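Student: Fit chain F to the given chain S structure using the hints.
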Amino acid sequence: MHGIAYDATHDEVVVPVALADAVLVFRGGADGSEAPIRVIQGTNTKMIRPHTVTVDEKNNEIIVGDSSGRSVLVFDRNANGNVPPKRIIQGPRTGLLFIVGVAVDPVHDRLIAASSASVPGRKTGLFIFGRTDQGDVAPRAVIAGPKTGIVRPWQLASDPEQGKIFVAAINNESHPPYQLEKPRRDLPHDVQLPSPWNSGALGFIGIWDINDDGDVPPRSVIKGDNTFLVHPGGVAIDPKDGEVFATDSIRNGLFSFLAPNLFPERSRTESTLENGTTRSER
Amino acid sequence: MCTWWGESGAEVLADPQADSSTITEGQLPPLRYVIDPYPTFNGIALDTRANRVVLSDENRKSLLAYERSAGGNSPTVTSPLWQIIGPQTEVGFIAGVEIDPERREIYAVNNDVEDRIAVFDYDANGNLRPKRHLYVPHQSLGISLNPARQEMVISVQQLSLLAVYRRDANGMDAPLRVIKGAQTNLADPHGVRWDAPHHEIIAASHGNSTEIAPYTAYDAQTPSAEENGEEKILGGKFVPPSINVFGETASGDAKPVRTIQGPNTKLNWPMGVDLDATHDEIAVANNGDNSVLIFRRTAKGDAAPLRVIRGAKTGISSPMGVAIDAEHNELWVANYGDHTALVFARDAAGDASPKRIIRNAPAGTPTGGFGNPYAVAYDSKRDQLLVPN
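Going line by line, the protein sequences match chains S and F.
One point on numbering: in the numbering used here, the residue at position 32 of the first sequence is 32, and numbering is uninterrupted.
One point on numbering: in the numbering used here, the residue at position 272 of the second sequence is 272, and numbering is uninterrupted.
Looking at chain S on its own, in the form it has when it is part of the complex (with noise of 0.2 Å):
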């Protein structure tokens, strides 16, 4: 599975199943073999591979990201069996093709899509669309280009309050499709395609404000020797800790970084767990 997404107001996981064309719902703190209280799976879903997930707790909705149908699916959270999205964000105008990662930006009413090209002359970055457009619009803004550093996004997180959007910028390097008549075409028998062991430019967390556009570098960053990270694939946020977790492919690993400077608007004292504790208190 490559995406998973906490609802946090109803103590639910979202995750896609990319081999089944499904999204699942299980309850907070599901464990073991428990079966999804929720399944979206069927023709009528347009989903052909779910690959990231989000969800929007104030408008009550499931936010999908489909790498082959090149769409955002927006369904309502408790949508259930063989459903149609309530929206589809589709077609050329919208500048969406490998879509790895989706957040969405209630208060800024911003729904953020990253994607990826392999196609000559499209764009790998952050397409930013209105939170309720549909069909195949113009993205409101695209942060894409060299200064961003982003060769190959992947998961998303956002900070509607603050208006951030934060990116895990994977960067290591995909490869042309393969066809199973004449495998990648295009290039020669002899090619040394990319691995994990020299693949890419060096990975980072980036973060973004929810208002940039064009190619403008990341108004933040987590890179470097010293974060351990090379090609991180996953980013989620704590801001009531001033935590930013990244998941590695690479080092096979999970990290978490302390950045209360990240998060300057949020009181660590508000964070309170589930059995009346702050994290500081345990």
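Because the hints were derived from the structure by calculation, they are not lab data.
Being a predicted model, the structure only gives us computed values, none of them experimental.
Even glycine gets a Cβ: it sits at the ideal position worked out from N, Cα and C.
Nothing false has been slipped in among the hints.
Here are the in silico distance ranges between beta carbons for each label pair: (1) Leu81/F to Gly91/S: 55 to 61 Å; (2) Lys255/F to Asp109/S: 51 to 57 Å; (3) Gly81/S to Gly262/F: 22 to 28 Å; (4) Lys300/F to Gly81/S: 28 to 34 Å; (5) Asn211/S to Thr365/F: 47 to 53 Å; (6) Lys255/F to Ala201/S: 46 to 52 Å.
Tutor: For chain F alone, coordinates are given in the frame of chain S:
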């Protein structure tokens, strides 16, 4: 502390710094991290003639070889004969492994990211280039050779297919034939075994069923699909896990000659499969319920296994690979859920204890369980991090 392979060889990750006053812009050391510094076994292959076993290691991204008789009851780490590891090896998110005793070669299938099979000589060791490599579709997993036919077969999860290549295929060589389509009953296939004596190919499927049609950066596609954005929505479904057996020359949307599928089979995330031609049995690493299932080779339908190895004494934990050594009457299991490979009596059943254990970490060392983690979510109610594999 955590060892890793850096640009110039093995390096040690220092303990996270508690003092953030030394942070330079962007160079933020982690407050905490979860990394397993030890190998975790996945695929397994045996050569009884050369008395060695080779295991793939998904965590550290390596291949390890041991004496066939290695292991015991010691809680300490079992020393491998050698380990292939490092930036030159092209070994990454490794899964299936196969041995060619005739040519004394080892085949290692990268499941994700690298999208290639790396081939090494038997005595390769350390950080070295493979003697050849073959690019294969994304999410290839299992592999099995048929030296008599000079062919090998691999399973491909994402495309739900089996692809047969020349045994010495390399570079961008295309498959000779592909088994793929609705009639095949293949659904997220994992383990695959070529049954050369009976001219059949055995494949285990998890049951995630879809057919990915249009363009992505990874998928098989047509140029027109890429350029025109053609789309074909077929709808996915979950089907019961299965073992499907095909004729070895099958191609296209071929029907299996036999299928094992249904509640009596106890199949649950079947991973590696192996054949015991001597006793006419198939063994399956049943990852979903920490067991090994043994079926009659000719079983079909909703057939119950002949034997099930399962229980607390077995030590079986998220098994990925299984190998039968009919010559020495042993059955091997590669665990992903802890740091062990287990050797049982071939006819073990029930809550049996292993005869000996190969350890790649001291006994009791936990595993993170990560398998190429590409996402994370924060559960603010429980102060927990959720990481999907």
